[in-house]
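**Student:** Take a look at the letters that make up each chain.
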Amino acid sequence: MNRILKKLFSNGTSLIGIILLVFFIIIAIFAPAITPPLSDDPYQIPRMSWDINPQPPGSLMSDDMKEIYGFLEKEVKWEKAICGTAEGGYDIFYGLIWGTRTAFKIGIITVFISMLIGIILGSISAYFGGWIDEILMRITDIFLSFPFLVAAMVLTTVLGRGLDKVMIALISFGWMGYARLIRGSILSTKEETYVMAAKALGVSDTKIIWKHLLPNTIFPVMVQGSMNIGSMVITAAALSFLGVGAPVGYADWGQMVSFARNWIIGSPGHAGQYWYAVFYPGIFIVLFVLSWNLIGDTLRDILDPRLRGEL
Amino acid sequence: MLSYIIRRMLLLPIILIGVTFLIFCVFSLLSPMERLATYVRDPNTLKSPQSAERLIAKYHLDEPFPLGYINWLGRMVRLDLGWSQTANQSVADAIKQRFPATLELVLYSIIPVILIGIWLGVISAVHHNDMLDQTIRVTAIIGWSLPTFIFGLFVLFIFYGILGWFPPGRLSAWAQDIVYTGNFTSYTHLITVDALLNGNIPIFLDALRHLIAPIITLSYISWAFLLRITRSSMLDTLRKDYIRTARAKGVDEHTVIHLHAKRNALIPVTTIAGMMIIGMLGGVMITETVFTFPGLGFWAAQSAQQLDYGTVISFALLFSTIMVVGNLVVDLSYALIDPRVRLG
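Residue numbers (my numbering), protein chains in the order written: chain A, 3 to 313; chain W, -13 to 330.
Rather than coming from a laboratory, the hints here were simulated on the basis of the structure. Be aware that one or more of the hints could be misleading.
[As the list claims (entries may be wrong)] List time: in silico EDC-like cross-link candidates among lysine to aspartate or glutamate, alpha-carbon distance up to 20 Å:
| no. | chain 1 | residue 1 | chain 2 | residue 2 |
| --- | --- | --- | --- | --- |
| 1 | A | Lys167 | W | Asp116 |
| 2 | A | Lys192 | A | Asp135 |
| 3 | A | Lys68 | A | Asp43 |
| 4 | W | Lys226 | A | Asp303 |
| 5 | A | Lys9 | W | Asp116 |
Isolated chain A (complex conformation):
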């Protein structure tokens, strides 16, 4: 474990990943201090004005908007849109900060639950073998027969709009990789003598799986999971972009990009006039995903026994 941590910190690419990740964790923790929410639901991006066109960075909150917040007895602690506003006056900076929490929430919850499902099904399948294995693996094949994005889109459409629906869809079609991975490693471990010994001693099946097999096989699955956090966030953002994910005005980077895509070309003669509406949420998604991928890529190289000693 120490060896792995040391390599992670001494390798240039993974160090960049770790620094980026720490940056995002700090933003997520201090979100209420950086941009205090203006409504009861902190994930609702406050509006700075009623303008239809995006407003450039540095524009101020309009007077009628201040009046409304005053009427609602909300204290406006900031009135400058540092990164500009999106269509409809939504403050981009606020969305970026609170969107970090959304991204962590999507990534960690979906990966954790789908990993749990995968581990349970995969270990049952490998440990008992026979027809149980056959049935569970064919079910896995069936779930794998859908392009991930298409499956997630269809399920979200049927379930209805909203972040929780997106997460349900991502989990429903995200567990198969883990199930196969853990099945493979348990199949090779379960013939080891210490497992045989436990069986001969009459230890219960559940206990053998939890106490003997999983601790020895779970590590590659967790590496895989950390690498998948990025792709889950991308898929959730893609669903928002397609218009079936988070609702308009929700602090979610994908929704912000989607909302801004009509403005990317700019007005005639002013190409890129509204660059900030796409650029800021876009760069946040890319850096967030990149941080996980950089760490994951190095982890995989470190753990690959064939490459040991070459990094």
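Chain W: place on chain A using the hints.
**Tutor:** Positioned in the frame of chain A, the structure of chain W alone reads:
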């Protein structure tokens, strides 16, 4: 070998039935009224409760689960996929009309995936760990971290917004007039191919101009991924004993890499390449939406936004079927390519 092929063939119908069953389960999450809406052409017929009830009975939407599934499957097999409100035509017709555009896009996207992915992967492995390898590798990771829709918007902004080279859509207005109304025979409905068959070079160039930006967007993730696979497979092969023997014998480096190592290293890569090409199906939705390219993916995304359930469900059915059959073809061809599997 033969038993493997037979086993895979026997599993195909089981998987397909499982896939349709899963889709039906998702479909069943909708209320009978919502499900009925997928078959009805004129929404006004749903307004009176009597006619709605009559239609629910007609389409067997109130039946218990197993019967409902069999009825639904029967309709799907007869290609009675319902009515698409988004396309304002029957779902089957809409698929037939939009399929060639998507096919054309995917077919062209295979070229950069194979060429760039494999070529850069080999270079990266040969120059393992030096500057060039690190640069290629980091570029690939960045490429992999870029969501398709952000990359697509970026491409659109540069090549259309600033440079004005590659406009969105499938054809310019003048070319549409010729292709859809004028003296132009559609043989394959792939516009670039048809244009060449008609000997109409301006149309060919116009279609190509509209294809380039979507091709770049659709293919870059696949080649970034393929590059990583090729690199590690090549690294693995270069460490094999027979390569050391070849080098010790004094075979020149070019021959070692291109004749001895590459051939073996590319065997697993072909499988992944096949899977990547199938995997591009998912990216089609995003790419076509970014470039308003009138294919299946753009239509599916529109239907999802407008809660046109029938279309979305048919789309899932179509893409999963393509994926199941495609995976089978890839697996079988892998068995044929690799002599160890073929003869084993």
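**Student:** For every hint, state whether the structure bears it out.
**Tutor:** Cross-check of the supplied hints:
With a C-alpha separation of about 46 Å, the suggested pairing of A/Lys167 with W/Asp116 is violated against the 20 Å cut-off. As the CA atoms of A/Lys192 and A/Asp135 are separated by approximately 14 Å, the hinted pair is consistent with the 20 Å bound. With a CA separation close to 18 Å, the supplied pair A/Lys68 and A/Asp43 stays within the 20 Å bound. With a C-alpha separation of about 19 Å, the suggested pairing of W/Lys226 with A/Asp303 holds against the 20 Å cut-off.
Simply put, A/Lys9 and W/Asp116 have alpha-carbon atoms about 18 Å apart, close enough for the 20 Å limit, and the pair holds.
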